[in-house]
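Protein chains: 2
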Amino acid sequence: MARIYERVALIGLGLIASSMAHAMRRGGLAGEIVGTARSVETREIASEIGFCDRVVDSATEAVQGADLVVLAMPIGAMEPVALEIGPHLAKGATITDVGSVKRAVVEAVGPHLPDHVDFIPGHPLAGTEHSGPRSGFAELFENRFTILVPDENANTEAVARLTRLWEGMGAKVETMEVDHHDLVLAVTSHTPHLIAYTMVGVADDLRRVTDSEVIKYSAAGFRDFTRIAASDPTMWRDVFLNNKEATLEILGRFTEELFALQRAIRTGDGDHLFDYFTHTRAIRRGIIEAGQDTDAPDFGRIGKKS
Amino acid sequence: MARIYERVALIGLGLIASSMAHAMRRGGLAGEIVGTARSVETREIASEIGFCDRVVDSATEAVQGADLVVLAMPIGAMEPVALEIGPHLAKGATITDVGSVKRAVVEAVGPHLPDHVDFIPGHPLAGTEHSGPRSGFAELFENRFTILVPDENANTEAVARLTRLWEGMGAKVETMEVDHHDLVLAVTSHTPHLIAYTMVGVADDLRRVTDSEVIKYSAAGFRDFTRIAASDPTMWRDVFLNNKEATLEILGRFTEELFALQRAIRTGDGDHLFDYFTHTRAIRRGIIEAGQDTDAPDFGRIGKKS
Ligand SMILES: NC(=O)c1ccc[n+]([C@@H]2O[C@H](COP(=O)([O-])OP(=O)(O)OC[C@H]3O[C@@H](n4cnc5c(N)ncnc54)[C@H](OP(=O)(O)O)[C@@H]3O)[C@@H](O)[C@H]2O)c1
Ligand SMILES: NC(=O)c1ccc[n+]([C@@H]2O[C@H](COP(=O)([O-])OP(=O)(O)OC[C@H]3O[C@@H](n4cnc5c(N)ncnc54)[C@H](OP(=O)(O)O)[C@@H]3O)[C@@H](O)[C@H]2O)c1
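Top to bottom, those sequences are chains A and B.
Going by the working numbering, the first sequence opens with residue 565, and the numbers climb by one from there.
Going by the working numbering, the second sequence opens with residue 565, and the numbers climb by one from there.
For reference, chain A alone in the conformation it holds in the complex (with noise of 0.2 Å):
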């Protein structure tokens, strides 16, 4: 595959980004990757597994020459990024993102670029429950879609070039208005997370019913929801806390629902039930006749690692 940039800076060396660079080194799709991340540990074991061409200190230094900047990190540490390396940035540069909200990105990071870059914020539909640098893999983007959401004046010349390279990396790309993106991560990630994430603590929460027997009986239904509840706390505080609007509007619809079948339940109204529970059924027809699964479900994930 043909070398999309020459040079690709990632700010963050976390599952995503060093995802990225296993998967840009696979295509041959960047001519040097240069990394950098917060702490001197994960710069050190990144040095180690050798993802990146070099592993520098500072994300100013990373940025020097970039024809790309990836932001790899949670995203409440995007804004004191933007501002360190707004003013080193090269020419003609695009500057992208993997959080999971958009939003708050463009509104966090846009005003701190300067106008000779092209900002187009990205999210990779894709993830483990795993974090950190040793557990990217060339593999995790593939058949999964990267959501791009450019805004209307961005230059479609940079917009196609990082289609190519997700493209490249295995992705599908889409092009989503902003705040578009959030409400349907709002519906079809982030409230299933926080849902997920409550019941656990409730089951936790029972002293009753034992942790052993919660965990020996888990696979009856509980268990991926556990799976969703081991994500990286703190990747899922900065959703919510910056996907509040749309968090909280499908909340409050999940709550109507909930309390309409708990009183179906507590009335012992079958029809209720049964009508609700045939409705359902539907959608998960449409998505197996729409090809988006089969019958291996992964949460969101594929070819995982360990």
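Hints were generated in silico from the structure; no laboratory data involved.
Careful, some of the hints might be misleading.
Which copy is meant is left open, so a pair is good if it fits within one copy or across any two.
[Stated by the list, open to error] Straight line, CA to CA, 27 Å or less: simulated DSS-like cross-link-like pairs of lysine-lysine:
1) Lys780 with Lys655
2) Lys780 with Lys736
3) Lys808 with Lys655
4) Lys808 with Lys780
Please build the complex by placing chain B with the ligands on the supplied structure of chain A, with the hints as guidance.
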């Protein structure tokens, strides 16, 4: 493997019963397998597939001379069947069931059985979202728990024999007190299912996010929710109507915790979110350490077909 029962009667020929038949066949565990179901259609399909030695037209006929009778239909259908078969049960026969709730089955079925049989209610913690006579397969119970809830006066020899049958079908067998079963399952299975149904209903309800978007981006956490929400509506209606108390209790706790998280999002209390998510992570670790999970999440399924 040795034959454990001479004649097994399966009343109901859906996912669970057909899987039992395949598994008993594989292990040579039953001398003869006789089956019946409510509809002519299901009986014809079962005859055609041939997982029973005989398919008969009524429950009364099926239980003739059987030393094991298995009630394998939705919980709400069990009482009339117990009434029907009660007078026709052979002396010394064991009667069991596979219903997902146990207190309600004990109360619905127990009173209609004669004193000369042993009633040992059971529940295999194994299933898929498919149903009907074509959905069964011999491996369904492998390495999954089956919980038996014999009462304190139960014939220990009969319990031991039924345990051997389940073990012969690949299951790990545990005994438990009836109400405790219902509480444990409310936590690990029933409430998670209700929540998944609700979340899928919310997504469908939301006009600003199209169905195709929900489907397209469902891999991002939502997909396994739709899978559980595709389970049989009759079965799940009966589960909630019959495990009302425990489900409502767990739902009450769930709502409390969810409101606390919702408030933390609204007020921007990142510490609360971070601490909560850190705490739930530990449970996941417990499950992995207990060897109850690998990296292949399956929401309670194994080796499924199609
Ligand atoms: N994980 C997923 O499932 C997933 C999926 C899609 C999108 N995302 C998004 O991707 C981003 C990164 O997630 P991840 O899973 O890759 O996280 P991760 O594995 O936890 O790694 C985060 C990285 O960011 C670094 N970092 C944190 N603060 C920093 C700072 N101020 N300056 C420089 N580096 C800093 C960390 O460095 P240290 O190790 O030194 O602390 C670490 O290398 C998040 O915005 C998340 O929303 C995640
Ligand atoms: N599926 C799971 O994941 C799972 C897991 C553990 C336990 N269970 C329990 O297992 C039981 C059966 O579930 P399943 O998944 O096997 O259901 P299924 O595939 O839907 O099959 C139910 C069977 O019951 C028959 N039936 C219904 N009413 C009847 C009646 N009045 N007399 C005789 N037969 C009748 C049906 O006959 P027709 O086809 O003719 O209607 C059908 O053969 C339920 O109590 C459920 O709670 C299910």
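Going through the hints against the structure:
1. Lys780 with Lys655: neither (57 Å within a copy, 36 Å between copies)
2. Lys780 with Lys736: between (38 Å within a copy, 11 Å between copies)
3. Lys808 with Lys655: Neither. Shortest intra-copy (35 Å) and inter-copy (65 Å) distances fail the 27 Å Cα cut-off.
4. Lys808 with Lys780: For Lys808 and Lys780, only the inter-copy Cα distance (23 Å) is at most 27 Å; the intra-copy one is 35 Å.
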